[in-house]
Amino acid sequence: MTKVSTLPRDFLVLGLLVLAGAWMCTHAFAGEAGRIKVSKGDVQIERNGKLMAAPVGAVIDVEDTVKTGADGSVGITFHDNSLLSAGPNSELVIERFVFDGTTHQGEFDTRLKKGTLAVVSGKIVKQSPEAMRIKTPAAIMGVRGTEFIVKVDEPATN
Amino acid sequence: MRFAPAPAIIAAMAMGMAGCAQFGSQPQENSQAVRWADSPQPIEPGALRPSGRLARNDLVVLLPKSNGSIGGVIVRTDGGKEIVLNEAYAGAQISGPGVMQPVMYDAARVTREFSSVIAVLPARPATFLLYFLEAKDELTPDSEREVERIFAEIAARPYPEILVIGHTDAVGNAQFNEQLSQQRARRVRDDLVQRGISADRIEVSGRGKREPLVPTSEGVSEPKNRRVEISVR
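Chains B and R, in that order, give the protein sequences.
The opening position of the first sequence corresponds to residue 1 in our numbering, with each subsequent residue numbered one higher.
The opening position of the second sequence corresponds to residue 1 in our numbering, with each subsequent residue numbered one higher.
FYI, nobody ran anything at the bench for these hints, they're computed from the structure.
Be aware that one or more of the hints could be misleading.
Unchecked claim - Cross-link-like lysine to aspartate or glutamate pairs, in silico, EDC-like; alpha carbons within 20 Å at most:
| # | chain 1 | residue 1 | chain 2 | residue 2 |
| --- | --- | --- | --- | --- |
| 1 | B | K114 | R | D78 |
| 2 | B | K123 | R | E203 |
| 3 | B | K126 | R | E87 |
| 4 | B | K126 | B | E107 |
| 5 | B | K123 | R | E229 |
| 6 | B | K113 | R | D78 |
| 7 | R | K136 | R | D78 |
| 8 | B | K114 | R | E113 |
| 9 | B | K50 | B | E63 |
| 10 | B | K113 | R | E113 |
| 11 | B | K40 | R | E113 |
| 12 | R | K81 | B | E130 |
| 13 | R | K65 | B | E63 |
| 14 | B | K123 | R | E161 |
Okay, chain B solo, but in the shape it has when bound:
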């Protein structure tokens, strides 16, 4: 008897625990990924649809888009010691950044929508080659540990 009556409550508890697990996982992915160390000219961060200033010291979060104007350029250092910089007229999305400071395991995905990007890989790549990926409209780069530049140059549209 008691067994039957407690069953729905057991499921409720189970369901809450599943939700708790899911919550922990989403929150592990959000959050601070790096900081701006160099900021010249017109540089902005787009976060949750809002544009904000991007001075030296500003935090870069996962899902931020960093935008530079015609005279803008920006350099960012990430928690795993990866370095990224973007030249003028660039748009860079930090899609995913996960890093365990102890094991150095992580995942790092960025998307260069337009402009130029310079990359110096960090601890994530040293620990797991190709765990850092740079996406462009027509290609994906798997980073095995190095320094390189990427340019996205769209076809002319007028």
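With chain B's structure known, arrange chain R on it following the hints.
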């Protein structure tokens, strides 16, 4: 609850976390195939317009390595095409999804086309070691001579973020060494703060005798292990 609680709790939370792999990772591109349908920016309609350049002119170029590490970059595009870049100035030119060819750059051309973006790469993160007198939180004379240069280098960085980790050698018990290592790290932190570096950008910890630079037997006095490691990025 009739079932054993601990395993059930773990299992239930694991179920919730199972979605993790898919979560932050938009389309999963672990597999080799690149699926263009998933890309928020597929082929631009502008590419089909009569005027202007029709193809895109994307480029990836490997730079010479500053630290001599090996690795490289693998560039993948539509149709399973890939180019591995593993020597300085090797490049891949992408003129559309699935249209890619190798190109060779050189130092002069990289400078001409990309100096503006390379110039704003942040300073390379660095690690410095300071050594201490036995059983004390005072620097050795050698480290005392170096400390000004190191602190000046750290202070010159824009928005330095610093991790200070204290260590000891294997003389004395664990508790004593845990305390000593923390004392050494805090000493370095205080000196950095005196140099004008904001304390909230300095993380401090002590590892006691647990992580020697030079492994020794218990009770061995080893100057190289009596150290503080300063990592700055």
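For each hint, the structure was consulted:
no., hint, in the structure
1, K114(B) / D78(R), "holds, 19 Å"
2, K123(B) / E203(R), "holds, 19 Å"
3, K126(B) / E87(R), "holds, 18 Å"
4, K126(B) / E107(B), "holds, 12 Å"
5, K123(B) / E229(R), "holds, 17 Å"
6, K113(B) / D78(R), "holds, 17 Å"
7, K136(R) / D78(R), "violated, 62 Å"
8, K114(B) / E113(R), "holds, 15 Å"
9, K50(B) / E63(B), "holds, 12 Å"
10, K113(B) / E113(R), "holds, 19 Å"
11, K40(B) / E113(R), "holds, 18 Å"
12, K81(R) / E130(B), "holds, 17 Å"
13, K65(R) / E63(B), "violated, 29 Å"
14, K123(B) / E161(R), "holds, 16 Å"
Checked against the numbered hints given earlier, this structure breaks hints 7 and 13; the rest are met.
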